[in-house]
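Number of protein chains: 2
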Amino acid sequence: MGPAPRVLELFYDVLSPYSWLGFEVLCRYQHLWNIKLQLRPALIAGIMKDSGNHPPSMVPRKGQYMRKEIPLLKQFFQVPIHFPKDFYDVVLKKGSTNAMRFLTAVSMEQPEMLEKVSRELWMRIWSQDEDITESQSILSAAEKAGMSAQQAQRFLEKIPTEQVKNKLREITDAACKYGAFGLPTTVAHVDGNTHILFGSDRMELLAHLLGEKWMGPVPPTPNARL
Amino acid sequence: MGPAPRVLELFYDVLSPYSWLGFEVLCRYQHLWNIKLQLRPALIAGIMKDSGNHPPSMVPRKGQYMRKEIPLLKQFFQVPIHFPKDFYDVVLKKGSTNAMRFLTAVSMEQPEMLEKVSRELWMRIWSQDEDITESQSILSAAEKAGMSAQQAQRFLEKIPTEQVKNKLREITDAACKYGAFGLPTTVAHVDGNTHILFGSDRMELLAHLLGEKWMGPVPPTPNARL
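Going down the list, the sequences are from chains A and B. For the first sequence, this note's numbering begins at 1 and goes up steadily by one. For the second sequence, this note's numbering begins at 1 and goes up steadily by one.
Chain A extracted, bound-state conformation (with noise of 0.2 Å):
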């Protein structure tokens, strides 16, 4: 038995585009290091209130760059992230509380579909320009993510529930507690020591950390059938 996987908290929000790339990133790497991830929804409005951060579009020039820079990342990061149209509308009005809730919801009991169900809502909002707000909406992700419409509804109908609001509130407080100041932050738990790493562009550092090999933000596949 080799030594124990080192934890690494992932909090993340799916109206943030750098979250996705980060998490995927993390989710291919979890293959390949000695690591558990932890998966943990959070409110990025709440952690850039809580914060007295601003979203990087405020300032004019920020939001143009990430226009730009998006499209790079894409074929780098080999996500297939895509500006919607009405970025002030879908991102900075609309917003994700409820999409965020309903991936509180199946943390709670279902876990294991984390991944895919996040996923597929990154693919609605940052892919293909769709609505996360409606609950048909965050639905059809979740049956694209492979669960069942009974159990998607199940979850959908805890939304609105003190549990599951509070369950949002207490990771995103415990998100504020180590220091985070906008989203996606990663918390590694290495030897005793707890680092916190903000943004998409920190993983070779976190390589570096945890003494793992850096194979950039596509890393080959492991046991790929052939």
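Calculated from the structure, these hints are not laboratory results. Please note that the accuracy of each hint is not assured.
Any copy, or any two copies together, can satisfy a pair, since identical chains are not distinguished.
[Said to hold, decoys possible] For lysine-lysine, the following DSS-like pairs were computed, each having C-alpha atoms within a straight-line distance of at most 30 Å:
1. K49 <-> K85
2. K49 <-> K93
3. K74 <-> K36
4. K158 <-> K144
5. K68 <-> K167
6. K177 <-> K68
7. K213 <-> K74
8. K49 <-> K144
9. K177 <-> K85
10. K36 <-> K68
11. K177 <-> K144
12. K49 <-> K213
Note that the structure is predicted; figures quoted are calculated from it, not measured.
Assemble chain B onto chain A, guided by the hints.
Just chain B, lined up with the frame of chain A:
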């Protein structure tokens, strides 16, 4: 004869610790990749003002994050970076105008010295917590970089000239026109396209754009002498 080297413009300010990291990485790779690195001393204060951006340390949690991250990056990038004791006074209050004007004068007349003099200024402010605003401080950095006292004095006398002030404004404006909202900003001219990359954490993406091999922030040195 191989293909012509791709021009990379690195806009930087010695006030910016992340500029130092980006600078060292590109200085290392200029001997490994088919690139022509052009160092562009610019004024970060001017870029922040023009873009409406604010230094990350204005959000307290970002400042705390930087203090934790810099020691990790020091080790990972192998750059002897160290937080000054009084960050507010050194970075936000005293600034870098004279130092950047000095580098501008050097860039105009002795550009081959720019790399070494820039590094020695960073060594003062971002490694040894030493002043970079006084004449004596700047002279000392220049001499450590291998410049004669006489030559350094000549450049120092150019600091207040309109020629030097205008040139620094011109380079800062050029960065703004490319869309910069902070430093380091790398502008890569590749196959007729212009890519702008922000931060010290986009160098692997840069390698991808150039079709060059990324070997981490500390690549093996070419022709290492035994």
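We went through each hint and held it up to the structure:
no. : hint          : in the structure
1   : K49 <-> K85   : both (25 Å within a copy, 29 Å between copies)
2   : K49 <-> K93   : both (15 Å within a copy, 27 Å between copies)
3   : K74 <-> K36   : both (26 Å within a copy, 27 Å between copies)
4   : K158 <-> K144 : within (20 Å within a copy, 66 Å between copies)
5   : K68 <-> K167  : between (36 Å within a copy, 28 Å between copies)
6   : K177 <-> K68  : between (33 Å within a copy, 15 Å between copies)
7   : K213 <-> K74  : both (22 Å within a copy, 19 Å between copies)
8   : K49 <-> K144  : neither (33 Å within a copy, 46 Å between copies)
9   : K177 <-> K85  : between (34 Å within a copy, 25 Å between copies)
10  : K36 <-> K68   : between (34 Å within a copy, 23 Å between copies)
11  : K177 <-> K144 : neither (34 Å within a copy, 44 Å between copies)
12  : K49 <-> K213  : neither (36 Å within a copy, 40 Å between copies)
Checked against the numbered hints above, the structure violates hints 8, 11, 12; every other hint is satisfied.
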